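**Q** As they're listed, the protein sequences go chains R and E. Residues 1 to 174 in this note's numbering are what the first sequence spells out, letter by letter. Residues 1 to 169 in this note's numbering are what the second sequence spells out, letter by letter.
Everything labelled a hint here was simulated from the structure, so no lab data went into it. On a predicted model such as this, the values are computed, not experimentally measured, just so you know. Take these hints with a grain of salt, some might be off.
Quick partial rundown of chain R residues pointing at chain E, CB under 10 Å, derived from the structure [said to hold, decoys possible]:
| no. | residue |
| --- | --- |
| 1 | Leu81 |
| 2 | Asp112 |
| 3 | Arg132 |
| 4 | Ala138 |
Distance windows between CB atoms, simulated [said to hold, decoys possible]:
| no. | chain 1 | residue 1 | chain 2 | residue 2 | range |
| --- | --- | --- | --- | --- | --- |
| 5 | R | Glu11 | E | Thr23 | 26 to 34 Å |
| 6 | E | Gly79 | R | Thr23 | 43 to 51 Å |
| 7 | R | Asp95 | E | Asp19 | 48 to 56 Å |
| 8 | E | Val29 | R | Gly33 | 53 to 61 Å |
| 9 | E | Glu117 | R | Asn94 | 45 to 53 Å |
| 10 | R | Val108 | E | Arg142 | 14 to 22 Å |
| 11 | R | Ala35 | E | Arg26 | 47 to 55 Å |
| 12 | E | Glu25 | R | Glu11 | 28 to 36 Å |
| 13 | E | His154 | R | Gly73 | 32 to 40 Å |
| 14 | R | Glu66 | E | Gly36 | 45 to 53 Å |
Chain E residues, not near chain R, derived (Cβ > 10 Å throughout) [as the list claims (entries may be wrong)]:
| no. | residue |
| --- | --- |
| 15 | Glu20 |
| 16 | Ser48 |
| 17 | Val78 |
| 18 | Thr111 |
Just so you know, even glycine gets a beta-carbon here, dropped at the ideal spot from N, CA and C.
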Amino acid sequence: MERELLQTLGEGMTGDQAASLVTRMERHEIAAGTALFRYGETADRVYYLQSGTLTASLDVDGVRLEIGVVPPGHWLGEINLIDEGPASADVIANDEAVLYSLRHDALVSLRDDDPEIAAILLRNLTRDLAARLRRTSAGLVERVNDHQFRLATGEVRRGWFSRAIGKLFSGGDR
Amino acid sequence: MSRFSELRNHDLFAPFDDDEFATLERVMVERIYRPGHVLIREGDSAASMSSAMYVVVDGEVEVFSKRPEGGFGVSKTVGSGAILGLVGLVDDKPRSATCRAAGRVTAVHLTRAAFAEMYRSKIELAAKFQFAVARQLATDIRSLDHMLRDAVIHGNEAAIRDRFDRGEA
Numbered sequence: 001m002e003r004e005l006l007q008t009l010g011e012g013m014t015g016d017q018a019a020s021l022v023t024r025m026e027r028h029e030i031a032a033g034t035a036l037f038r039y040g041e042t043a044d045r046v047y048y049l050q051s052g053t054l055t056a057s058l059d060v061d062g063v064r065l066e067i068g069v070v071p072p073g074h075w076l077g078e079i080n081l082i083d084e085g086p087a088s089a090d091v092i093a094n095d096e097a098v099l100y101s102l103r104h105d106a107l108v109s110l111r112d113d114d115p116e117i118a119a120i121l122l123r124n125l126t127r128d129l130a131a132r133l134r135r136t137s138a139g140l141v142e143r144v145n146d147h148q149f150r151l152a153t154g155e156v157r158r159g160w161f162s163r164a165i166g167k168l169f170s171g172g173d174r
Numbered sequence: 001m002s003r004f005s006e007l008r009n010h011d012l013f014a015p016f017d018d019d020e021f022a023t024l025e026r027v028m029v030e031r032i033y034r035p036g037h038v039l040i041r042e043g044d045s046a047a048s049m050s051s052a053m054y055v056v057v058d059g060e061v062e063v064f065s066k067r068p069e070g071g072f073g074v075s076k077t078v079g080s081g082a083i084l085g086l087v088g089l090v091d092d093k094p095r096s097a098t099c100r101a102a103g104r105v106t107a108v109h110l111t112r113a114a115f116a117e118m119y120r121s122k123i124e125l126a127a128k129f130q131f132a133v134a135r136q137l138a139t140d141i142r143s144l145d146h147m148l149r150d151a152v153i154h155g156n157e158a159a160i161r162d163r164f165d166r167g168e169a
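Please construct the entire structure, taking both the sequences and the accompanying hints into account.
**A** Here it is as C-alpha cells:
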C-alpha cells in the first residue's frame with residue numbers, strides 16, 4: 001500500500017512516512033454484491049480501492065441510475081474523511097474487492113502526532129477537492145446554460161446528460 | 001486597531017485555540033480597500049508567492065465572471081465572513097472570477113509566501129489550517145453537488161438560475 005500512497009494522496013512523503021500512514025489505515029475485503037456504503041448513511045472515512053471494481057449508483061424515484069464504475073487505483077469518500085457527512089451514492093462491489101481506509105479520527109490523531117505527514121496528505125487532498133470544486137462549478141454553469149439554450153432554440157444539445165452525470169460523481173484525477 | 005478578532009467564530013478559524021488564533025493574526029495581513037479596488041482578477045495566475053486568499057471582515061465585494069455568449073456566469077455580492085480566492089491558492093490554477101470592492105472593504109489576507117513560511121516554521125498550525133481549508137472546500141462541493149444533482153435528476157435549472165441571480169450560489 002505504501003507504493004500506491006506515494007503515487008496518490010501521499011505524493012511527496014518519504015517511504016517511512018507512507019509506511020507510518022499505512023499503519024493508521026484499515027484493510028477491508030468485501031465480497032461481490034456487498035455495499036461499501038449506501039446513499040445518505042453517515043460515512044467517516046476515505047477508501048483506496050486496491051483491487052476489484054465498484055459501481056456507484058443512485059435510486060431516483062424507484063429507478064436505478066448508474067453513476068459510474070470505480071476502477072482499482074481510485075480514492076473515494078474524500079469529503080466524508082473531512083466532514084463525516086452522509087455518503088453521496090450507493091457503492092457496491094462488482095467482484096471481490098480489497099480496500100484500505102483512513103478514518104476521520106485517525107486523520108485528526110495523525111495531525112496532532114505527526115503534523116508533517118498530515119500536512120502532506122492534506123495538501124494533496126485539498127488540491128483534489130479544489131479540482132473537484134472547479135469541475136462541479138463548471139458542470140453546473142454548463143448545465144444551466146444548456147437549459148437556456150434549449151429554451152431559446154427548442155433543441156437538445158447532444159451529450160449533455162452523460163457530461164452532467166460524469167461531473168456528478170467524478171472521482172479525483174489521481 | 002485590528003479587527004481580526006471579529007473573525008474568531010468564523011468557520012475557518014473556529015478549530016484554532018487562542019494561541020493559534022493569535023499567531024494567525026500575525027501571519028494574516030489586514031487592509032482597508034477603496035470602492036472599486038480589484039482584489040482578485042479573473043484569469044490571473046494564482047501561482048505567484050504574492051497571490052492570496054481573503055476573508056472579508058466588513059463591507060461588500062462583487063464577485064463576477066465573464067459570461068459566454070448569451071449564457072450566464074457567477075454574479076453576486078458577498079459580505080462579512082466571505083472567503084475569496086481559496087481555490088486558486090490551493091491548486092495554483094488561474095482565478096475563476098473577479099472580486100471587486102463594492103464599497104469600503106476591510107479584509108484579511110494570507111499570501112502563498114506567508115503560508116509557505118507557516119508550513120516551514122509552524123507545521124502543526126499549517127496542518128490544522130489545511131484541515132480547515134479542506135472542510136471549507138468540502139462544504140462548497142456538497143452544496144454545488146446538491147444543485148447539480150437536482151438539475152440533472154429533477155431538471156430544475158430555472159430554480160438554480162434564480163439562485164445564482166439572487167447571489168445565493
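**Q** Could you run down the list of hints and mark each one as holding or not?
**A** These are the hints, each one checked on the structure:
1. Leu81: Holds, because the Cβ-Cβ distance from R/Leu81 to chain E comes to roughly 8 Å (cut-off 10 Å).
2. Asp112: 8 Å, holds
3. Arg132: Holds, because the Cβ-Cβ distance from R/Arg132 to chain E comes to roughly 6 Å (cut-off 10 Å).
4. Ala138: 9 Å, holds
5. R/Glu11 to E/Thr23: 26 to 34 Å: For E/Thr23 against R/Glu11, whose Cβ atoms are near 28 Å apart, the range 26 to 34 Å holds.
6. E/Gly79 to R/Thr23: 43 to 51 Å: At roughly 46 Å between Cβ atoms, R/Thr23 and E/Gly79 fall inside 43 to 51 Å, so the hint holds.
7. R/Asp95 to E/Asp19: 48 to 56 Å: This hint holds: roughly 51 Å between Cβ atoms.
8. E/Val29 to R/Gly33: 53 to 61 Å: For E/Val29 and R/Gly33 the Cβ distance comes to about 56 Å; the hint holds.
9. E/Glu117 to R/Asn94: 45 to 53 Å: Distance hint for E/Glu117, R/Asn94 holds at roughly 47 Å.
10. R/Val108 to E/Arg142: 14 to 22 Å: 20 Å, holds
11. R/Ala35 to E/Arg26: 47 to 55 Å: Holds: the Cβ-Cβ distance is about 49 Å, inside 47 to 55 Å.
12. E/Glu25 to R/Glu11: 28 to 36 Å: Given range 28 to 36 Å: holds, Cβ gap about 32 Å.
13. E/His154 to R/Gly73: 32 to 40 Å: 33 Å, holds
14. R/Glu66 to E/Gly36: 45 to 53 Å: With Cβ atoms ~50 Å apart, the hint holds.
15. Glu20: 12 Å, holds
16. Ser48: Given a closest Cβ separation of 17 Å, the condition holds.
17. Val78: 15 Å, holds
18. Thr111: 17 Å, holds
Every hint, counting from the list given before, is met by this structure.
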